[in-house]
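Colleague: Could you slot chain B onto chain A? The hints should help.
In order, the protein sequences belong to chains A and B.
Numbers 344 to 647, taken from the working numbering, label the letters of the first sequence in order.
Numbers 799 to 1086, taken from the working numbering, label the letters of the second sequence in order.
For the record, the hints were derived by calculation from the structure and aren't laboratory data.
Just so you know, these numbers come straight off a predicted model, no measurement behind them.
Beta carbons: idealized from backbone N, C-alpha and C, even for Gly.
Just so you know, not all the hints are guaranteed correct.
In silico DSBU-like pairs for lysine-lysine, Cα to Cα no more than 35 Å straight-line [said to hold, decoys possible]:
(1) Lys642/A with Lys452/A
(2) Lys645/A with Lys525/A
(3) Lys645/A with Lys811/B
(4) Lys822/B with Lys641/A
(5) Lys642/A with Lys1022/B
(6) Lys438/A with Lys861/B
(7) Lys854/B with Lys973/B
(8) Lys642/A with Lys868/B
(9) Lys645/A with Lys973/B
(10) Lys448/A with Lys917/B
(11) Lys904/B with Lys641/A
(12) Lys448/A with Lys1024/B
(13) Lys641/A with Lys973/B
(14) Lys438/A with Lys1058/B
(15) Lys525/A with Lys928/B
(16) Lys1058/B with Lys641/A
(17) Lys917/B with Lys645/A
(18) Lys642/A with Lys811/B
(19) Lys359/A with Lys928/B
(20) Lys917/B with Lys436/A
(21) Lys917/B with Lys349/A
(22) Lys899/B with Lys349/A
(23) Lys984/B with Lys438/A
(24) Lys984/B with Lys436/A
(25) Lys645/A with Lys868/B
(26) Lys641/A with Lys1037/B
(27) Lys525/A with Lys899/B
(28) Lys452/A with Lys358/A
(29) Lys818/B with Lys645/A
(30) Lys645/A with Lys1046/B
Sample of chain B residues lacking proximity to chain A, with all beta carbon distances greater than 10 Å (derived) [unchecked claim]:
(31) Ile872
(32) Gly1004
(33) Ile1026
(34) Lys1058
For the chain B half of the interface with chain A, some residues (derived, Cβ under 10 Å), not all of them [as the list claims (entries may be wrong)]:
(35) Ile840
(36) Glu865
(37) Ile870
(38) Glu877
(39) Phe879
(40) Asn893
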Amino acid sequence: MGALVKNELNLSLRKKGIRVLFAISILILVLWIGTTYHGASQKLYLGASYEETGLNLLEPNRIFSYYMFNLTTSIYIFPFIFLGMILVGSDLKNKIYLNICSVTKNRNKYILVKIITTLIINLLFLITILLLSITISILLPNIRDKSLTDLFSLYKIFSFLIFWLGLSGLSIGSMGLTYFFKSNVAGASLAIYILLERIYTSASAISLQNPILMKINEYLPWCNFNTLFVYASKLKYLTSSLSHEELLNEASVLNMFRIIEYHNTHVAYPFFKDLRLIIIICSLYIIVFLLLFATGFKKRIKEG
Amino acid sequence: MININPMEFNIFKRSIFSNKEEIKIPSGLTYLIGENGSGKTIFIKSIMNVLGDNSKSIKFNGKSYFEEIKNIKIVFDEEYFIERLNGFENLIYFNNYSDNKIEVAKIKKYYDIWNSDSKAKYSEYSLGMKKRLAITFALMYETDFLLMDEPFNALDSSAQNLLIDTLVYKRSEDKTIIVTSHEMEKMLLYCDHLLVIHENELHFFGNIGEKRNDFVNCQIIVRKSKEIKEIENYILELKELSEGMVIKVQVEQKDYILSKLRELGVEVIRHREEAMSIKEILETLKAA
Chain A
344 MGALVKNELN LSLRKKGIRV LFAISILILV LWIGTTYHGA SQKLYLGASY EETGLNLLEP
404 NRIFSYYMFN LTTSIYIFPF IFLGMILVGS DLKNKIYLNI CSVTKNRNKY ILVKIITTLI
464 INLLFLITIL LLSITISILL PNIRDKSLTD LFSLYKIFSF LIFWLGLSGL SIGSMGLTYF
524 FKSNVAGASL AIYILLERIY TSASAISLQN PILMKINEYL PWCNFNTLFV YASKLKYLTS
584 SLSHEELLNE ASVLNMFRII EYHNTHVAYP FFKDLRLIII ICSLYIIVFL LLFATGFKKR
644 IKEG
Chain B
799 MININPMEFN IFKRSIFSNK EEIKIPSGLT YLIGENGSGK TIFIKSIMNV LGDNSKSIKF
859 NGKSYFEEIK NIKIVFDEEY FIERLNGFEN LIYFNNYSDN KIEVAKIKKY YDIWNSDSKA
919 KYSEYSLGMK KRLAITFALM YETDFLLMDE PFNALDSSAQ NLLIDTLVYK RSEDKTIIVT
979 SHEMEKMLLY CDHLLVIHEN ELHFFGNIGE KRNDFVNCQI IVRKSKEIKE IENYILELKE
1039 LSEGMVIKVQ VEQKDYILSK LRELGVEVIR HREEAMSIKE ILETLKAA
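Chain A with its partners taken away, still in its complex shape:
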């Protein structure tokens, strides 16, 4: 298995698509740091306090989480989704699974190798983002606290794990869709789906205020993955007992709403499910993605 994964990794890292995605991820990071720092520094020069400017969020201890929060709650998450499609797209086009079928009884080796490769490449992406963001933060002049005391705390490691496994889950989703529908467009469509779900969420909660549609939304994939990533970026403890006020500061990006009465009017108000429940729902979705992948793979073999 080790030789298989090593071979697959070598092959994948040579793909132009993977290198482009990697470059785009780095570019997004650098541009984000640049614009955020510039805006925050302007406020500092105009007399705002250090905390008010948000420069504290760019400190080495916090920059990675803050950046990942912005990335995973926007369309810029797409490199991680497209990764899955790129890893299997050419295999599907060239039907290499037929050659694999002719040499091994255990055809599922292919699926396992692809999943492990996805995990490793996502890990490489995230480690690069982590190291680069910390390095840039250390070099930025207006950042005051440049310590790295918290970096290897348990909750930071847990937070990193959530980002890694959550994003890998979405990559596997893209892989599964690509194989199941025999289409790269289907695999890439997961990124488009994110936008559509956000429109659906707004419409169901804010425009229509339909309780049934809002209840459905609580179980949709993006809503749950989105919330999971928000939790991961805000974790200060290993439990889900987070400060509600702190989380609600980021209300604009949350996808779960309930209707409450406020000053005699009905308003859509964001809320959080328990972290453990979110993890369970996301895990179920990852299992569904894996089943899509396995089923799609078997289907393609049957078609010859």
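Modeller: Just chain B, lined up with the frame of chain A:
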């Protein structure tokens, strides 16, 4: 020995062909023939549970395909390799998946026999180079069973001769080989057994021996000449054209006839080998 139990070959629940009796294919070279669309490729792919599942009805030395997979290799009608790797890298990649992995040195040995030393990516390969790589991929494992679907396609004459020599050598080692090919004139002269798909039925004829010479004849087009009478004992059929004649002779007598015609001063315009139709072959074998 390959055993095919009486069954219907199905793909997506559609019947392609069937065999009413058990077929036992012994070692040697078996030529699988059938008209276009009769199901030759389906037969080969369905053995490995691809394009339908007939894997349980076909046994290799009494074992199913999956039990005996280390001892069976297949050359597909199309090639399924990774475009961004070169040929050698492709063989190493797929060898890593193999249940009976072989050493890189052995892969290199077979690669050098069948392929030129090209660092080009597979995507840049010609059709003939792709076919050579597919053949290398099957032969390098030295298995007892070899299934080859259109292995001669796109090969140049030297590669075709090399393949024929390889198949003859494998036959001498008591390997069981099934080949499909449109090169009927070539294959009929070398095969030991025939597997025929005709009108949705599968027939097997073992040890056809010298009968194979009846299936292929040589057609020689010559200018009209009275000297033809000198060889009339060898002529199977004679047809007159406006300015020439077509004479049909047995293929093993071709060289003798051609030299005789030259001696007699008869102008030979063209000659070619021609195989009987599948229906004619089947009728000949059934009559025998």
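Colleague: Run every hint past the structure and note whether it holds.
Modeller: Structure-based check of all given hints:
no.: 1; hint: Lys642/A with Lys452/A; result: holds, 16 Å
no.: 2; hint: Lys645/A with Lys525/A; result: holds, 13 Å
no.: 3; hint: Lys645/A with Lys811/B; result: holds, 12 Å
no.: 4; hint: Lys822/B with Lys641/A; result: holds, 30 Å
no.: 5; hint: Lys642/A with Lys1022/B; result: violated, 62 Å
no.: 6; hint: Lys438/A with Lys861/B; result: holds, 27 Å
no.: 7; hint: Lys854/B with Lys973/B; result: holds, 22 Å
no.: 8; hint: Lys642/A with Lys868/B; result: holds, 24 Å
no.: 9; hint: Lys645/A with Lys973/B; result: holds, 28 Å
no.: 10; hint: Lys448/A with Lys917/B; result: holds, 31 Å
no.: 11; hint: Lys904/B with Lys641/A; result: holds, 32 Å
no.: 12; hint: Lys448/A with Lys1024/B; result: violated, 66 Å
no.: 13; hint: Lys641/A with Lys973/B; result: holds, 31 Å
no.: 14; hint: Lys438/A with Lys1058/B; result: violated, 54 Å
no.: 15; hint: Lys525/A with Lys928/B; result: holds, 24 Å
no.: 16; hint: Lys1058/B with Lys641/A; result: violated, 62 Å
no.: 17; hint: Lys917/B with Lys645/A; result: holds, 33 Å
no.: 18; hint: Lys642/A with Lys811/B; result: holds, 15 Å
no.: 19; hint: Lys359/A with Lys928/B; result: holds, 23 Å
no.: 20; hint: Lys917/B with Lys436/A; result: holds, 23 Å
no.: 21; hint: Lys917/B with Lys349/A; result: holds, 21 Å
no.: 22; hint: Lys899/B with Lys349/A; result: holds, 16 Å
no.: 23; hint: Lys984/B with Lys438/A; result: holds, 31 Å
no.: 24; hint: Lys984/B with Lys436/A; result: holds, 34 Å
no.: 25; hint: Lys645/A with Lys868/B; result: holds, 21 Å
no.: 26; hint: Lys641/A with Lys1037/B; result: violated, 56 Å
no.: 27; hint: Lys525/A with Lys899/B; result: holds, 30 Å
no.: 28; hint: Lys452/A with Lys358/A; result: holds, 21 Å
no.: 29; hint: Lys818/B with Lys645/A; result: holds, 25 Å
no.: 30; hint: Lys645/A with Lys1046/B; result: violated, 46 Å
no.: 31; hint: Ile872; result: violated, 5 Å
no.: 32; hint: Gly1004; result: holds, 26 Å
no.: 33; hint: Ile1026; result: holds, 52 Å
no.: 34; hint: Lys1058; result: holds, 49 Å
no.: 35; hint: Ile840; result: holds, 8 Å
no.: 36; hint: Glu865; result: holds, 8 Å
no.: 37; hint: Ile870; result: holds, 8 Å
no.: 38; hint: Glu877; result: holds, 9 Å
no.: 39; hint: Phe879; result: holds, 7 Å
no.: 40; hint: Asn893; result: holds, 8 Å
Checked against the numbered hints listed earlier, the structure breaks hints 5, 12, 14, 16, 26, 30, 31; every other hint is satisfied.
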